[in-house]
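Fit the two chains together into the complex; they arrive one by one in their own frames, and the hints show the way.
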Amino acid sequence: MGPGPVPPQRFSPLLQPRLINAFLLVFALLFWLALLGFHVAESMFTSVFDESVPVDPIWVGGLGYRLVMAGFFVFSTLLVGRLFGHIEKLHVTTVLWRLFITGMAGITLIMLITFVNRATSSWAMHKYLGPVFFALGFLAFTLFFLACVFIFRRFILYPRTKRKIVAWQIFFGMLALGVAFLFFRDGLAITIAYFPFVLLTLFLGANVRWIAYLNFNQKLRTMGLLVMILLVMVTYVIAARNLPGQLGVTPGQSWYLVFLVYVVIFSLTYTVISILVLFFNLPTSSIFEAESFEIASASKISQAIQSNLDFTDIMNTLLEASILAANARAGWVEMLDSETGKAEVKVGKRLGNHEVEQILQGQDLTEKVLRDGKPFLVRNLRKHRAFQAGDTRYRSLVVVPVRSNNQGFGAVFVVNELVNAFEDVTLKSLMTFAEQAGIALENARLIRESIEVERYREQLKIANEVQDQLLPGSLPGDARIEMAAENENAYEVGGDYYDVVQPSPDTYRIAIGDVSGKGTTAAFYMAEIKGIFHALALLDLDVPDFIRTANQALSQCMQKGFFLTMTYLQVDLAQRRVDMIRAGHCPTFLYRAGSREVQRLDDGIPGLGIVRNRRYDQMVGEPVRLQVAPDDFLVLYTDGITEARDQAGEEFGYDRLQEVIFRNRAESAAMIASEVVSSVKNFAHAELHDDYTVLVIKFLPEPSSQASVEVSRS
Amino acid sequence: MTIQEHPQDTYITLVPHGELDANSSVHLDERIQALIEQGQVNIHIDGADIQYISSAGLGVFVSYLDEVAEQGGKFVLSSLRESVRDVFVILGLDQLDNLIIVERTEDVPAHF
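Quick note, the sequences are listed as chains A and B, same order. Quick note on my numbering: the first sequence kicks off at 1164 and runs consecutively. Quick note on my numbering: the second sequence kicks off at 80 and runs consecutively.
To be clear, the hints were calculated from the coordinates, so they are not data collected in a lab. Quantities reported herein were computed from a predicted structural model and do not represent experimental measurements. Backbone N, C-alpha and C fix where the C-beta goes; we use that ideal spot for every residue, glycine too. It is possible that part of the hints are untrue.
Examples of chain B residues lying across from chain A (beta carbon under 7 Å, computed) [to be verified]:
#1 L107
#2 G138
#3 S142
#4 L170
#5 G171
#6 Q174
#7 N177
Chain B with its partners taken away, still in its complex shape (with noise of 0.2 Å):
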């Protein structure tokens, strides 16, 4: 797993490459921690080159949502494909204020 990391205007892009299990989750889960502790709280993911999710890699968000939304923060996540979209949708992670999933990359910057 490779993520990249394009800093924007008022948040930060990160793109995830191939699968997040169990295992690769652990290198989402240090880039955010990373990003949290330096005050970026805007994080957008740009998911159309995650190939998989697992609920482990689901796990990594949730244990960010409460932080991100005290210091005033979201997750934007946009272009997931159907499948990863489906496993986000059925942990009800759609349903929340702090995580907005969007289809298309550019009406990320409305959320933020």
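This is chain A alone, in the form it adopts within the complex (with noise of 0.2 Å):
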């Protein structure tokens, strides 16, 4: 009866291991029924009265006889592996019961027949009936020293190793060697044979790892249910000591019996054994107790690291944990605050908040242990300065921090009514639990903090998709004038604004602008600007009113400390006139295709939002009034171009923005746009820090003129 696995199946699984078993149990039977009928028959004719054996025995102790015995025992052996052999989970205790049960089922019987036995004087009876009494008892001895047997094997594979494995393969080939005794009647043989027998026995039998998994109470009724099962061995054994007599064996003979004797020196050798080494491991046993729970707790707090988002399971796992462990009445857990960094009660177990100030009286050991990076244990709470004006009915105290490597969370407190009720060993489990918490409190906030900064993240490019439709798409223009932008935010959300609208076919109305402030929000202000120009430049206001009434409107909807830096400019096509107000913003580059000259144009105002009164309308004075040519073009922009910085720190400036503008004087809108950025870009360096945008306003020639160019050019 090897461990191995099940053969595969190839019919129903349910019920194939069935079968198996039935005909195992039908074949013992039959060899059971025979060995009855040898003794049966011996009753019959031979007389109970004739003490002399015969030489040459025909019917009990003959070949067929043995042959019979041999099957017997192959059989039983074989099925009681199969109904013993395969427990799945091994609970020690149960087990133990069952056997101890089928052992008394069978002394029950024996202690029957003895009685019956006893009672009839009936030479029928015996001569008849004797013989089945006897088989019976035979049995019952049999099947409960082989059940024996397997449990016993199944104790000592705990855990399996190759070693008990191949051990126990021997164990089964000296069996096999019991049962061939039956036909080598070699006394010296079986003499030597029980030397490596007993020191296979000696072997398996040192093997009870399955104690140490035992708490007191399982190990107190374990040994329990051992020494009862010893004493039905007991029982057997005394009751079998009639055995070789009936079995026909003469002293000299015992080879009949190798098998048996084996299978009894297994089974009450491992059950004296354990009953020793349960008894000398009850002391031990509530160290390890501790010691599993310890390691139990640990992992419970562990898979809660990997499973649990939530703080407050987290900190209750934790809390049950450490008052099990420390076997402590009560307890609670503090955490720190997150906004306020103060510690505050989160859970708390058979006490209350009441409770918890008449122990600590105020202070704030969670501040303590987490400073110390140690716990803290008061033994006395009485006795101790600091504590002993407290009317509470507990007097041991443990504060154990929980805490990260980057952060202190909070601490777990843990309370009993008994003087010194804590110990060194108790605060080591203590913190470790605490450290996996910290752990486990960590990871959450981790993970937290990740699917925050992933929302922060998806809002910040919504922001930028509707800040994008808030910029233009395209820029009007026609025969006489064109316009190009280059815009690009550093970061999700700029704060740069430009607009063009055109109310009539002659006239463009022009902004550009740059929200200023404390804050990214600074650039969610873009939306209000964008409406404010639109609605302002439709109405026929001249360029300072539009500046006074855009102010107004900023005052009245920007936070406090938000500016809005602006030049706005309207153009007249029909008179080539340009007037713009410089709101604080930067200023204005023009070139004059006529004196081939970049000008910039410094004259402004405070930006919008900055005076937020009336005395702002007085500060807005006459705009400036430009007459443009063709080939003119004015360059607007705003401070990422001229405040990009390369890698010495040094600003872009206005003389190199000027230079480049001069640079490109002859190219279009969009390559005078497009140049100024490259430009600015190769002397950061790298990307740009801030949001830039370049504004490109270039006046055309007419197209008669235009014509006139290129004959004067051809």
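Structure (structure tokens):
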């Protein structure tokens, strides 16, 4: 009966094992019945009172009898092996209880037989029923001890090792030898064979690892059961003392019994060893129990790490484990509030906030243990200077910090009514738990943060899409005017704004602006600015009135500390005139084709939203009025251009910008804009860290004069 | 960025050292806010050691202009280097009643 895997089942997997069991049962029974037959025949054909043993026995003891005996041994071993050899989950006390019950049933049977045997005086009864009773007792004896062997085998193979499995194969080999001895009646060989068998039994008997996994109560119960099983075994052996005679074995012919003796020796030895080991392990069990509890709790907390994002769950697990491990009466967990940084009671067990208050009396022990980085132990609250004023029934207190490498989270508190209730060993396990919980909390925090960041990023993406729609997709223009813009945001959401409206064929109103102020929320004012621009640009306000009205509107809706720099201009193509006001914005550059020079237009007033009263209206004076000629152009931009810095920290500045503009004076508006951006990028040697916008407005020659230019060129 | 503080008879002098960009201007912001909360609204900034100012740095002054004015105070900036002064001028902050830019530190007391 090897421990190997169940062979592949081609038929119904449920039916086949049962079929095998039934087959084995039938054969075992048949051999047993045959055995019984031999005894009945012996009883019938020989005189019970004839003490002489035949030289060559025909019935009991004969070759046929021994063959049947061998068959019985083999099939009952296989049967019991199948019934008791495959206990999936080892539940020691349940299994032993069943074994005990099985043994007791057999004993009851034997006692009943003995009683009936003694009570009857009838000769015929003895003659015919005697063999039956004997055979039943023999059956019970054999099956019980075989059951012991297979159950103990399961114990010994806990846990399985290759060496133990090999030892068991040898063991079953020895049992087979025991059966073989039925036919080789060599007393010396039998005696010699006992030595390796006993050694093997002792080797197997030393494997009692299963005991270590029992707690104190289980050990006591297991010990009791094993003692009772031992008594059952002894009863069997005593009851079987007449067995050799009944089996027709004379002293010196004990080979019949070698198989049974092996089985009995093994079972008795293992039972006695187990009882002794259990007995001597009882005092240490509480330590082991605590340790295994600790391991179990630590793994429970570890699981919480992997699966749990909920701070409260982690804290509850920690508190529960700590109270159990410390054998404490009650406890609570304090956590630092993420905003105030103050310790607050988050979960409590078997005590309320009022009691916590009575114990601590306002002392912040969480802060203390987090600072010290080690637990704080009070052996007697009554005798401790800092706590003795408190009216509490608790005497012992332990506080253990809960922290990760980066951060302190809080502390776990456990209390007991007994003085000096917490040992150093306990502190160690509490620290292990707290450490695990710290990791769990850290993980939970990181996961939360990354979710938050992801959500934030998602929102910025949406804002970015909205903002892209706030800027004009394409700029208007005709044969007389050409406009082009380059714009990029360094972050998802920028604060630059530009826009153009064309209220009449000859009129363009153009704005470029930049929201400044504290924080990135500045960018979110863009939508409002667009609304204001479009509303006001469609009214027939002149440039100063536009600026005044825009300042009033923005002063109403922009938070304090925010302001908008803006250059606003109105182009009148019919008169080739530009009116412009620079409100705090970067100075506009104007290229004059006639004089081939670039001018910086510095005149201006404070930005919008800086002066939020009527005083501003007075500051807004007349606009800068420009008369423009063909090939003149204006370059408007935001400070992302001029404030772009190179690796040495130097700004791009106005001079470089002016130079780029001059160099590209003959180019189209689009080309000028893109040349400005690429020279800024070259200068900065990297991505720009600020938003930037460039808007170029170029006045084109009239079709007729363009033709004349071409003529004059050719 | 470090900021020194020198109380005078009728005003207080702040001397910021280094660059006033989006990050470092936070310190100046906190300092000015603290002063205003204490009721000290006459604030002189000695700008001799401000190497650079960005628009975020300007935002600090802009955000307290109204508050200071409401309590009858003002900012006086002195000794600004040219590049820094230009930034103020471009935003038009030199045109305000409650933010005054003077050349020399000796001229400061006359404005409080």
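How the hints compare with the structure:
Because the closest C-beta pair between B/L107 and chain A is about 12 Å apart, greater than 7 Å, the hint is violated. Among the interface hints, the one on B/G138 holds; its C-beta lies about 5 Å from the nearest C-beta in chain A, closer than the 7 Å criterion. The criterion of a C-beta within 7 Å of any C-beta in chain A is met by B/S142, whose closest approach is roughly 3 Å, and the hint holds. Interface restraint check: B/L170 against chain A, minimum CB-CB distance 4 Å, threshold 7 Å, status holds.
Here the hint on B/G171 is kept, as its CB sits about 3 Å from the closest CB of chain A, short of 7 Å. The beta carbon of B/Q174 is positioned within 7 Å of a beta carbon in chain A (closest approach about 6 Å), and the interface hint is therefore held. Hint status for B/N177: violated, given a least beta-carbon distance of 9 Å to chain A, over 7 Å.
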